[in-house]
Structure formats: structure tokens, C-alpha cells
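Residue numbers (my numbering), protein chains in the order written: chain A, 552 to 844; chain B, 552 to 844; chain C, 552 to 844; chain D, 552 to 844.
Certain hints may be false.
To be verified - To list a few chain B residues with every Cβ distance to chain A over 12 Å, as calculated:
hint, residue
1, V571
2, T658
3, I660
4, I721
5, G734
6, L776
To be verified - Per the computed footprint, the stretches of chain C lying under chain B, defined by three or more beta-carbons under 8 Å from a beta-carbon of chain B, are:
hint, segment
7, 739 to 747
8, 772 to 784
No lab work stands behind these hints: they were computed from the structure.
Note that the structure is predicted; figures quoted are calculated from it, not measured.
Built from N, CA and C at the ideal position, the CB exists for glycine as well.
4 protein chains.
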Amino acid sequence: MSDSPQPDPFPPWRNRLHEVIFEADDPAGRRFDIALIIAILASVLVVVLDSVEAMRVSYHGLFIGLEWFFTILFTAEYVLRIIAVRKPRRYIFSFYGIVDLLSILPTYIGLFVPNAQELMVIRLLRLLRIFRIFKLVRFLGEADALRHAFIASRHKIAVFLTAVLIIVTIMAAAMHVVESNAGNPDFSSLPQSIYWAVVTMTTVGYGDVTPSTPLGKFLSAMMMLIGYSMIIVPAGILSAELAAEATKHAKRATTQFCPSCSRDGHEFDAVYCKFCGDELNPQDHHDDAEGST
Amino acid sequence: MSDSPQPDPFPPWRNRLHEVIFEADDPAGRRFDIALIIAILASVLVVVLDSVEAMRVSYHGLFIGLEWFFTILFTAEYVLRIIAVRKPRRYIFSFYGIVDLLSILPTYIGLFVPNAQELMVIRLLRLLRIFRIFKLVRFLGEADALRHAFIASRHKIAVFLTAVLIIVTIMAAAMHVVESNAGNPDFSSLPQSIYWAVVTMTTVGYGDVTPSTPLGKFLSAMMMLIGYSMIIVPAGILSAELAAEATKHAKRATTQFCPSCSRDGHEFDAVYCKFCGDELNPQDHHDDAEGST
Amino acid sequence: MSDSPQPDPFPPWRNRLHEVIFEADDPAGRRFDIALIIAILASVLVVVLDSVEAMRVSYHGLFIGLEWFFTILFTAEYVLRIIAVRKPRRYIFSFYGIVDLLSILPTYIGLFVPNAQELMVIRLLRLLRIFRIFKLVRFLGEADALRHAFIASRHKIAVFLTAVLIIVTIMAAAMHVVESNAGNPDFSSLPQSIYWAVVTMTTVGYGDVTPSTPLGKFLSAMMMLIGYSMIIVPAGILSAELAAEATKHAKRATTQFCPSCSRDGHEFDAVYCKFCGDELNPQDHHDDAEGST
Amino acid sequence: MSDSPQPDPFPPWRNRLHEVIFEADDPAGRRFDIALIIAILASVLVVVLDSVEAMRVSYHGLFIGLEWFFTILFTAEYVLRIIAVRKPRRYIFSFYGIVDLLSILPTYIGLFVPNAQELMVIRLLRLLRIFRIFKLVRFLGEADALRHAFIASRHKIAVFLTAVLIIVTIMAAAMHVVESNAGNPDFSSLPQSIYWAVVTMTTVGYGDVTPSTPLGKFLSAMMMLIGYSMIIVPAGILSAELAAEATKHAKRATTQFCPSCSRDGHEFDAVYCKFCGDELNPQDHHDDAEGST
Numbered sequence: 552m553s554d555s556p557q558p559d560p561f562p563p564w565r566n567r568l569h570e571v572i573f574e575a576d577d578p579a580g581r582r583f584d585i586a587l588i589i590a591i592l593a594s595v596l597v598v599v600l601d602s603v604e605a606m607r608v609s610y611h612g613l614f615i616g617l618e619w620f621f622t623i624l625f626t627a628e629y630v631l632r633i634i635a636v637r638k639p640r641r642y643i644f645s646f647y648g649i650v651d652l653l654s655i656l657p658t659y660i661g662l663f664v665p666n667a668q669e670l671m672v673i674r675l676l677r678l679l680r681i682f683r684i685f686k687l688v689r690f691l692g693e694a695d696a697l698r699h700a701f702i703a704s705r706h707k708i709a710v711f712l713t714a715v716l717i718i719v720t721i722m723a724a725a726m727h728v729v730e731s732n733a734g735n736p737d738f739s740s741l742p743q744s745i746y747w748a749v750v751t752m753t754t755v756g757y758g759d760v761t762p763s764t765p766l767g768k769f770l771s772a773m774m775m776l777i778g779y780s781m782i783i784v785p786a787g788i789l790s791a792e793l794a795a796e797a798t799k800h801a802k803r804a805t806t807q808f809c810p811s812c813s814r815d816g817h818e819f820d821a822v823y824c825k826f827c828g829d830e831l832n833p834q835d836h837h838d839d840a841e842g843s844t
Numbered sequence: 552m553s554d555s556p557q558p559d560p561f562p563p564w565r566n567r568l569h570e571v572i573f574e575a576d577d578p579a580g581r582r583f584d585i586a587l588i589i590a591i592l593a594s595v596l597v598v599v600l601d602s603v604e605a606m607r608v609s610y611h612g613l614f615i616g617l618e619w620f621f622t623i624l625f626t627a628e629y630v631l632r633i634i635a636v637r638k639p640r641r642y643i644f645s646f647y648g649i650v651d652l653l654s655i656l657p658t659y660i661g662l663f664v665p666n667a668q669e670l671m672v673i674r675l676l677r678l679l680r681i682f683r684i685f686k687l688v689r690f691l692g693e694a695d696a697l698r699h700a701f702i703a704s705r706h707k708i709a710v711f712l713t714a715v716l717i718i719v720t721i722m723a724a725a726m727h728v729v730e731s732n733a734g735n736p737d738f739s740s741l742p743q744s745i746y747w748a749v750v751t752m753t754t755v756g757y758g759d760v761t762p763s764t765p766l767g768k769f770l771s772a773m774m775m776l777i778g779y780s781m782i783i784v785p786a787g788i789l790s791a792e793l794a795a796e797a798t799k800h801a802k803r804a805t806t807q808f809c810p811s812c813s814r815d816g817h818e819f820d821a822v823y824c825k826f827c828g829d830e831l832n833p834q835d836h837h838d839d840a841e842g843s844t
Numbered sequence: 552m553s554d555s556p557q558p559d560p561f562p563p564w565r566n567r568l569h570e571v572i573f574e575a576d577d578p579a580g581r582r583f584d585i586a587l588i589i590a591i592l593a594s595v596l597v598v599v600l601d602s603v604e605a606m607r608v609s610y611h612g613l614f615i616g617l618e619w620f621f622t623i624l625f626t627a628e629y630v631l632r633i634i635a636v637r638k639p640r641r642y643i644f645s646f647y648g649i650v651d652l653l654s655i656l657p658t659y660i661g662l663f664v665p666n667a668q669e670l671m672v673i674r675l676l677r678l679l680r681i682f683r684i685f686k687l688v689r690f691l692g693e694a695d696a697l698r699h700a701f702i703a704s705r706h707k708i709a710v711f712l713t714a715v716l717i718i719v720t721i722m723a724a725a726m727h728v729v730e731s732n733a734g735n736p737d738f739s740s741l742p743q744s745i746y747w748a749v750v751t752m753t754t755v756g757y758g759d760v761t762p763s764t765p766l767g768k769f770l771s772a773m774m775m776l777i778g779y780s781m782i783i784v785p786a787g788i789l790s791a792e793l794a795a796e797a798t799k800h801a802k803r804a805t806t807q808f809c810p811s812c813s814r815d816g817h818e819f820d821a822v823y824c825k826f827c828g829d830e831l832n833p834q835d836h837h838d839d840a841e842g843s844t
Numbered sequence: 552m553s554d555s556p557q558p559d560p561f562p563p564w565r566n567r568l569h570e571v572i573f574e575a576d577d578p579a580g581r582r583f584d585i586a587l588i589i590a591i592l593a594s595v596l597v598v599v600l601d602s603v604e605a606m607r608v609s610y611h612g613l614f615i616g617l618e619w620f621f622t623i624l625f626t627a628e629y630v631l632r633i634i635a636v637r638k639p640r641r642y643i644f645s646f647y648g649i650v651d652l653l654s655i656l657p658t659y660i661g662l663f664v665p666n667a668q669e670l671m672v673i674r675l676l677r678l679l680r681i682f683r684i685f686k687l688v689r690f691l692g693e694a695d696a697l698r699h700a701f702i703a704s705r706h707k708i709a710v711f712l713t714a715v716l717i718i719v720t721i722m723a724a725a726m727h728v729v730e731s732n733a734g735n736p737d738f739s740s741l742p743q744s745i746y747w748a749v750v751t752m753t754t755v756g757y758g759d760v761t762p763s764t765p766l767g768k769f770l771s772a773m774m775m776l777i778g779y780s781m782i783i784v785p786a787g788i789l790s791a792e793l794a795a796e797a798t799k800h801a802k803r804a805t806t807q808f809c810p811s812c813s814r815d816g817h818e819f820d821a822v823y824c825k826f827c828g829d830e831l832n833p834q835d836h837h838d839d840a841e842g843s844t
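The task is simple: from the sequences and hints, build the whole structure.
Listed below in C-alpha cells is the structure:
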């Protein structure tokens with residue numbers, strides 16, 4: 552609201568750089584983001600293809616060249632990002648700062664530690680950078696809606712998973728007793744039985760661990776039906792929420808009683824009693840504030 | 552609301568014990584709950600690892616020691632719980648009282664009945680105690696929302712499962728006739744066919760029982776499509792509920808017309824017209840009763 | 552609404568019989584329904600157990616006796632139902648009338664046509680009779696909510712299935728070309744490929760038909776992702792419905808324009824313009840009727 | 552609204568043809584659509600049956616005859632469609648125009664290029680034409696609701712799939728390192744591991760690629776649980792949307808207080824207080840713009 556501009560020691564070209572690299576409000580920023588997505592996907596494709604034996608034999612030289620090309624590109628981008636921000640330290644130790652670093656480090660480390668296959672996994676973490684661009688690019692604003700949906704359900708998913716895991720463990724123990732007594736080696740240990748229980752309850756059903764006894768098959772069928780019934784859960788969650796909402800609204804309507812006829816159920820903004828026509832008490836403003844929380 | 556305190560024969564230290572053990576409102580209670588969750592999970596981990604052959608050979612002594620440590624811990628907790636409550640008998644025969652007992656008994660029984668593998672399953676029931684803590688710990692209040700969702704949909708899930716089981720049985724019988732006539736041993740009996748039908752309709756699909764005839768494959772595909780279409784059911788449930796709600800509201804609002812200005816849209820309990828202030832006709836009470844059914 | 556009773560040629564004991572057998576409003580009717588559910592489930596259990604080789608060898612005599620016991624019981628019930636209704640012909644040719652007949656006929660036919668395994672399937676149709684009881688028994692009123700949900704979504708499921716089948720057929724054709732050219736016998740014909748496509752898209756995944764070529768695996772992964780994304784569809788259906796509802800409401804608010812300041816957006820029951828304070832035109836009642844359609 | 556008719560060079564019989572072929576408002580148009588659906592399904596059935604070895608040997612002549620019959624029928628329909636529209640070029644290069652052409656071309660090309668199995672796939676694209684009829688036929692109006700639902704969720708599905716694919720790739724890389732180090736040939740390359748990850752996360756679970764190491768099985772179970780938890784996402788999406796809606800409404804209503812009676816709850820566009828009739832403060836337009844973002 553203040554009109555007096557503050558002197559800014561930050562040079563304008565770094566501001567401009569920040570706009571292009573970190574934002575997507577103008578054409579230059581948007582073009583940068585699209586180029587970055589293409590570069591990330593292309594570099595991931597190189598890593599994926601390089602892991603195929605037949606491909607590596609024929610094109611390993613090309614793949615190494617491309618990997619170095621993308622690494623140098625992402626290194627330049629990393630340096631520019633550090634230059635563009637006012638507080639480089641905060642960026643470097645932020646989640647995306649670390650992801651940016653992890654997507655270039657493995658190639659450099661590979662110079663000294665050859666054949667370190669584990670480094671490849673770290674290189675693929677650069678895929679996470681696509682999420683940052685999603686956050687920026689305006690025309691993919693739907694990502695926000697889905698992110699909010701995930702945040703809105705993250706506690707529910709956590710509690711849901713805990714309940715699922717408790718059912719899974721107890722059923723796994725029962726199956727372990729039933730099946731390993733019948734000599735089925737698939738259920739020889741509890742961890743193996745828990746693996747089976749997760750495969751079954753989530754309706755994945757590889758079929759690498761299957762029950763062999765009638766009782767085991769009966770328990771399995773029980774478990775599948777439990778897992779399958781969960782498709783009704785989303786409707787249950789929403790119904791419960793809508794019901795809670797409705798109750799809350801209903802309560803809001805019942806906070807007032809008519810001073811002359813003592814009937815309640817007046818709407819929130821009513822001034823006169825709808826039953827006897829007498830004037831209602833002016834609403835207590837403290838009450839209001841609480842009601843709107 | 553009464554200010555006069557009643558003499559309480561229950562000593563305050565037992566009240567305090569009750570607060571710490573059964574509630575989670577103060578830091579001590581919360582710390583107790585977190586310690587209990589860690590102890591439960593650790594003791595379950597010991598049971599799980601002990602079931603792995605390779606682990607048992609190397610660390611069986613350690614596992615037995617830990618199991619006794621946790622058993623004595625939970626026994627102490629069980630005794631404290633009995634002391635803390637005013638009516639011990641009610642606690643002992645409650646659901647969680649029995650779960651608490653069942654999570655310590657097997658180790659003691661194991662002294663007299665060695666190698667009783669079935670006792671292990673009972674020991675894992677202590678996982679159920681996590682639900683009680685969920686109910687208490689304030690910061691996991693989401694558990695409540697999900698519990699309400701389960702309660703809200705428990706009748707629907709029961710009816711849904713009955714319908715699913717009827718489809719499953721009839722399809723299983725059809726497949727039994729089709730496939731066992733073609734000599735497929737996987738469908739040799741009805742229970743085996745029902746097992747296949749559950750595996751298929753819940754989209755688990757182990758693949759240990761599969762159709763071999765063209766007609767069998769066609770029936771299987773039918774069944775999968777039935778099972779798969781169920782993902783639309785949650786939306787259907789909510790739509791039907793919202794529509795029912797809307798109809799109820801519409802009915803409430805449209806049954807009355809003002810005798811002087813002939814306008815409708817009055818609420819169910821309105822006595823005076825909200826447009827011209829004239830008195831509305833007294834509602835037919837017989838109509839009321841029908842409307843609220 | 553007419554108070555004058557009509558002379559009824561139907562004897563009261565048949566009315567009473569109708570109440571007990573077809574309704575569930577009084578204790579007798581409810582006890583009859585519960586007994587019927589138990590009899591149906593028991594008779595189905597007999598059929599299921601009789602199909603197991605080991606069981607049939609030991610208890611075949613017992614199973615035959617029980618089957619005849621239930622058949623005579625259901626025959627008596629069938630006759631009583633015909634006596635209890637006013638228009639027996641309408642009952643006999645109704646859906647449940649035919650199901651009632653089909654659940655007793657096979658045992659009688661079995662006297663003349665021995666070893667007719669196909670008759671067993673027909674006998675299991677008596678499970679469908681549980682639906683009728685569901686419709687009656689008041690305390691299972693949830694069945695109604697779910698039935699409405701099914702009815703509300705039956706058109707959507709039909710269209711959804713058509714779309715799924717079109718995708719399934721086109722993908723199956725593509726896989727047939729790709730995989731059978733590579734010599735994979737699993738995809739040798741289009742029906743077999745369609746079977747695979749249904750197994751895959753519904754996320755059942757038996758694993759009895761699997762792709763062997765890289766391109767085939769890529770197409771399969773595409774298909775799984777299409778099938779899996781469908782879990783978002785219920786939310787989409789409801790969002791679209793809620794949006795349509797909101798638009799309809801918004802339209803209701805915009806049908807009026809203030810005669811003096813020509814602004815729209817007035818609420819449905821407003822009498823004075825909220826922008827200039829002038830009186831609004833009394834609402835056109837024809838318009839109302841259209842708006843409420 | 553203009554009553555003066557414009558001279559139309561388009562002959563009425565072509566208008567009538569357009570009504571019958573492209574629309575479904577009158578009985579003739581509806582009968583045409585139903586006949587077309589039957590013809591499409593029958594021609595697809597011929598293609599499907601012809602792909603079965605045993606069928607082709609016995610009835611290949613019949614199938615070729617039927618295929619030519621349907622091709623000539625659809626060719627006639629294609630020509631009539633071109634005649635019926637005012638701008639043939641726009642129709643020919645529209646999506647459905649190309650689908651119409653592609654459903655007749657392969658049979659003609661098959662005259663010159665025998666045994667071109669790939670042409671069969673293209674022929675099955677004629678199934679897509681059913682969607683056009685769905686769009687027309689009034690009594691299947693539910694297709695519209697589902698189409699809107701798909702359109703409403705298409706961005707969400709796109710973002711959802713991107714997130715799924717990123718998780719899938721990173722998990723696949725981890726499994727590739729874990730399992731191929733343990734000598735499991737199923738995870739020998741990254742594309743193969745990605746195929747496994749998609750099969751697992753979508754809960755398809757063929758079982759043709761399965762983990763063999765304990766750590767691999769643990770990661771798989773993690774992944775299944777991630778995939779399975781997604782059934783809560785639809786509820787999350789709707790909750791988030793409803794909450795956003797509620798917040799928007801709340802904001803619209805609570806930003807203004809009446810300067811004379813200090814009551815809030817005014818609508819966004821109100822000029823006069825609805826409780827005391829005094830004029831409200833003119834809204835800050837800068838605020839407006841921000842609020843509507």
C-alpha cells in the first residue's frame with residue numbers, strides 16, 4: 552500500500568533472470584519451462600534406454616555423450632538458479648535445491664567411481680523437478696486441485712493405511728498358521744505371509760504366493776472381499792462430511808430462541824420471529840464470531 | 552453445573568493414573584501413548600522376525616528375551632489399567648480389556664505348551680490396541696472421520712457384499728458346469744469355483760485358477776466387467792443421496808401457498824408468509840407425518 | 552381417501568397369509584422371512600458341499616435327503632404363495648414367481664433325468680430370492696439406498712461399459728497384430744486378445760495371457776494406466792452433476808431484471824431490488840413453473 | 552428472432568437427408584441410427600470371428616462376402632453424408648469424417664495388398680462411430696453426463712498420470728538396482744522394471760514379473776499400498792472442491808459490514824444493507840479483482 556519505493560541493491564538483470572527461471576508469467580518464462588520439461592524427459596529417456604543390454608552395446612558412446620550434454624545443461628541451470636535468487640543458501644538447502652543438485656552430481660561422481668549402478672537411481676530423481684514446473688505453469692493449474700486433494704486426504708490415507716496394515720498383519724499370521732501347517736512353503740514365514748496379504752488385499756494378486764488348503768482359500772476370499780468393499784469408502788467419507796456440515800449448519804440456525812414464543816429454528820439473518828412475528832433479540836456478536844470459525 | 556462437590560472415595564492418585572493411561576489430554580498422557588505405540592510395534596516386529604527361519608536360528612535367544620521384556624511391560628500396564636478404573640470388572644470384560652489380556656497370555660501359556668505356533672497369532676492381536684490410542688490421541692483426529700465413514704457405510708457394505716456373493720455363487724455354478732465338463736480340474740467343485748469367482752470379481756486375479764474354454768473365458772470377461780463397473784457405485788450412492796435430500800427439501804418448501812398473495816417457497820415451519828406478512832394456513836398434521844417418513 | 556369400505560370376496564385368512572408370507576410388518580412376517588433366509592442358505596450349502604468329490608462320497612445319502620427336505624419345504628411355500636395372492640397368474644409369471652418355481656423344479660426333473668449337472672446351476676438361482684426378502688425386511692432398509700444407487704448409475708454403467716468395450720476391442724486388435732507377428736500364441740486370435748484386454752483393463756491380471764514383446768508390454772502398460780485412471784471417474788461424475796446443479800440455480804437467480812436500474816442477479820424470493828431499492832416486478836408464474844422443471 | 556426468411560440455395564431433400572443421417576430427433580433418424588449400430592456391431596463381429604483359425608478355415612468365404620457387404624453399405628453411407636452436409640470438406644477432414652473413411656478403406660486396399668493383417672486393426676476403428684450415435688440418440692443422454700465427467704476430470708487425470716508415472720519410474724529404478732543385483736532376470740533393464748511397476752501400481756498384477764528378494768518384496772508391498780490408497784483420492788478431490796467453494800462463498804459474504812448497524816453477511820454485489828436499509832460502503836475495486844482470482 553506504501554507508494555515510496557525502497558532502494559534495491561539487487562540488480563534488475565538478476566530479477567529478470569529470476570522471472571524467467573523461477574516463474575512462468577511471461578512468454579520467456581513459459582518457453583524456459585517447456586524447454587526444461589523436454590530436457591528432463593529426454594535425459595530420463597537416455598538413462599532408461601542405456602539400461603537395456605541390447606541398446607547399451609550398440610549406442611553406449613552416444614548415450615554417454617548425451618548424458619554429459621544434459622549434465623552440463625543442468626549444471627548451467629543450477630548455477631543460474633543460485634545467481635537468480637536473493638538468498639542462495641536458502642535455495643541450495645530447499646527440497647528442490649537438493650533435487651537439482653542430486654540430478655547432476657551422479658554423472659560427476661561416476662568419473663571417479665565407475666560402474667556404480669546405484670547412481671542411476673539418483674539421476675532419475677530429476678523427474679521430481681517436473682512437479683516444480685507444474686506448480687508454476689499456469690495452464691496446468693489442475694495440478695493444484697489434485698495436490699490439495701492429496702493434502703486434504705493425507706491424514707485419512709495415513710489412518711486408512713494403518714488400519715489396512717493391522718488387518719493385513721493379523722490375517723497374515725492366521726494364514727501362516729493354516730498354510731505352513733499344511734506344508735505350503737509360500738507361507739513359511741510371517742514376512743512372506745504379510746507380502747501375500749498385501750498382494751491380496753490391494754487386489755494386485757500376482758499369483759506367486761497362493762493358498763493351497765480349503766481353509767486358506769476361504770480366508771483369502773474373505774480378505775479379497777474386505778479389500779474390494781473399500782471402493783464404497785470414498786462415498787462414505789463424503790457422506791459423513793456432508794452430514795457433519797449439515798449438522799453444523801443446523802446448529803447455526805438453532806442458536807436463537809424467540810423472546811416471546813420461545814421457539815427456535817430461525818434463520819441466521821432473520822430479524823423477526825417467523826412464528827409469532829415478534830422482534831428477535833439482536834444477535835450476540837461474540838457468538839457470531841464463534842459460529843463462523 | 553452444580554457447584555457443591557460430592558465426596559469421592561476414589562483416591563486422587565488413581566484419578567491421575569487414569570488420566571495418564573486412558574486419556575491423552577496432557578503431556579504425560581500423550582507421552583505414555585507414544586511410548587505404548589512404540590512398544591507394541593517393537594514387540595510385533597520381534598514376533599515377525601522370529602518367524603523367519605534364518606533369523607530364528609541366529610537370534611532366537613535375543614527374541615525370547617525381548618518377548619519376555621514386552622510381556623512383563625504389558626502385564627504391568629494391564630495391572631495399572633485395572634487399578635486406574637473405578638469398575639475393574641467392566642474394563643476386564645470390555646473389548647479392549649480382552650485384547651489387552653490376549654496380548655500377554657500367550658507368552659505365559661507358552662511356558663507350559665511349547666511350540667504352540669497358534670499362540671503367535673493371538674499375540675499379534677495386540678496390534679488392535681493401536682486403534683484405542685488412535686481414538687485418544689488428539690492429533691490423529693482424522694481417525695474419527697474415517698471411523699464415521701466406515702460406520703456410515705457399514706450397512707451399505709453388508710448389503711453390497713450380499714449382492715456380490717449372490718452373483719459370485721451363481722456365476723461360479725455356471726463356470727463349474729462349463730469348465731468341469733471340458734475337463735478343467737481347476738473348477739472341479741463348487742467351492743473351488745466360488746474361490747475363482749471371488750478372485751475374479753474383486754479384480755485380484757491370482758491366475759492360479761483360470762478358464763480354459765472360450766465360453767468360460769467369455770463368462771470370466773463378463774464377470775470382470777461387472778466387478779470393474781463397481782467403481783461408479785460410490786458416485787451413484789452419493790448422487791442418490793443428494794437427490795433424495797434435494798427432493799425432501801423441495802417438498803418441504805413447495806407444499807404451501809400463501810392464501811392472500813399466492814406465493815410459494817415457504818419453509819416447513821413457517822406460520823406467516825415471508826412476502827406479505829399474512830397468516831398461512833395451519834398445516835395438515837396427517838400430511839406432516841407422511842412427509843417425514 | 553374414500554371412507555366407504557368395499558365388500559371384499561377375498562377371505563381374511565388369505566389376507567393374513569399374504570401378510571405373513573409377502574410382508575414383514577409384524578413379528579410373524581419377520582420370523583417367516585428369517586426362517587426362509589436360513590432355509591435358502593442351508594439348501595445352497597447342501598448343493599455346494601455335494602459338489603465336492605470327497606464330501607459326495609461320504610455323505611451323498613444325507614445330501615439327497617436334505618435336498619428333498621428343502622424342495623418339499625419350498626414347494627409348500629410356493630403353493631401357499633399362490634393361495635395368498637389375489638391374482639395367482641400375475642404372481643406365477645412375475646420375476647420372483649419364476650425364480651420360486653425354478654428353485655424347486657430341478658429336483659423333480661432330476662428324478663427322470665439322472666446326472667444332469669446343469670440342473671444344479673438352476674437350483675442355485677434360489678439365492679436370488681434373498682433379494683425379495685431384502686426388499687421387505689425393514690431393518691435392512693439400506694438395501695434400498697444401494698438399489699437406488701444402482702438404478703441411478705445403471706445408464707452411466709451401460710455407457711461406461713460400452714466405452715470400455717470399444718477401447719478394449721481396438722487395443723486387443725493392436726496387440727493381436729503386434730504379438731501374434733512376434734509368434735506369441737497367447738494372442739493368436741482376436742477373441743483371445745479381447746479376453747486379455749478385459750483381464751488387463753479391469754486390473755484383474757490373471758497372468759495366463761501376457762505380452763512378450765517390448766512394444767506389447769508398452770501397449771499393456773498404457774492400457775493398465777487407462778484402466779487405473781478410472782478411479783477418478785466417480786469424482787468427475789459428481790463434480791459435473793454438482794456443476795450442472797449450480798448452473799441451474801444460478802440461472803434461477805438471473806431470470807429477473809430490476810425495472811428501474813436493469814441489473815440482474817436478484818435472489819428468487821427478493822421483493823425489492825438490492826441495488827437501487829426499487830420494487831421488483833412480481834414474478835411471472837409461468838416462468839416459475841419452467842424454472843422448477 | 553428475425554422473422555424474415557433468407558433464401559437458401561441448399562435443396563430441402565438434402566436438409567432432410569441431413570436430419571435422418573446426422574440427427575436423431577425424428578423416428579426416421581432414430582431408426583437410421585439403430586440400424587447403423589447393428590451394422591457396425593455385426594461387421595465388427597465378422598472381423599473378430601474371422602481371426603479365429605478354426606472359424607476362418609470353415610467360413611472364410613462367408614466372412615469375405617459379409618465384409619464386402621458391410622463395406623459397400625458404409626461406402627454408400629459415407630457418400631450420403633458428403634451429400635447431406637453443406638460444407639463437405641469440413642466433414643471429410645473432421646474426426647468422424649476420417650473415422651468413416653478409415654472404416655471402409657482397408658477392405659479396398661486389401662484388394663491390392665493381400666494378407667495385410669495390420670489393415671484389420673484399422674477396420675475395427677469403425678467402433679468409434681458408435682460414440683457419434685451416442686452423442687445423437689436422445690434416450691442415451693447419460694452418455695453426455697459421462698462425457699462431461701471425463702472432460703471435467705481430463706486435466707486431473709493427466710496430472711494424476713504424470714505423478715503416477717514419476718513414482719513408477721523412480722520405484723522401477725530402485726527395484727532394478729535391488730533385484731538385478733540379486734540376479735533376478737525379470738528386472739534386467741529399466742523398461743522391464745517400469746513395466747513391472749505399472750503392473751503393480753495399477754493393481755493389475757499379472758505375476759509374470761515378480762520380486763524375489765526380501766527387500767524387493769518390501770518395496771513391492773509399499774508400491775501396492777500406494778496404488779491401493781488412491782481409492783480415497785476421488786473423495787479427496789470432491790472434498791477439496793467443496794471446501795474451496797465454501798471458502799469462496801464465505802469470503803464473498805463476510806468482507807463487508809454495514810456502517811450503520813455493523814451487521815455482516817451481505818452478498819458480494821449488495822449496495823444497501825438487507826437488515827436496516829442503509830447504504831453500504833462502495834466496494835474497493837482493487838480488492839474485487841484480487842478476490843475473483
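Does the no-contact call for I721 (chain B) survive, Cβ to all of chain A over 12 Å?
-> 16 Å, holds
May I ask you to check that I660 (chain B) keeps its beta-carbon over 12 Å from the closest beta-carbon of chain A?
-> Per Cβ check, I660 (chain B) is outside 12 Å of chain A; nearest 15 Å; holds.
Tell me if chain B covers the segment 739 to 747 of chain C under the three-residue, 8 Å CB rule, please?
-> holds (count 4)
With d taken as the least Cβ-Cβ distance between T658 (chain B) and chain A, does d exceed 12 Å?
-> Consistent with the label, T658 (chain B) stays out of reach of chain A, its closest Cβ about 15 Å off (over 12 Å).
Against chain A, does G734 (chain B) keep a CB gap of more than 12 Å to every residue?
-> 21 Å, holds
Verdict on chain B covering the segment 772 to 784 of chain C, criterion of 3 CB contacts below 8 Å | holds (count 4)
Nearest-CB test (12 Å) between chain A and L776 (chain B) | Correct as stated: the minimum Cβ-Cβ distance to chain A is 15 Å, above 12 Å.
Given as non-interface: V571 (chain B), which should sit over 12 Å from chain A by C-beta | 23 Å, holds
In this structure, every one of the numbered hints holds.
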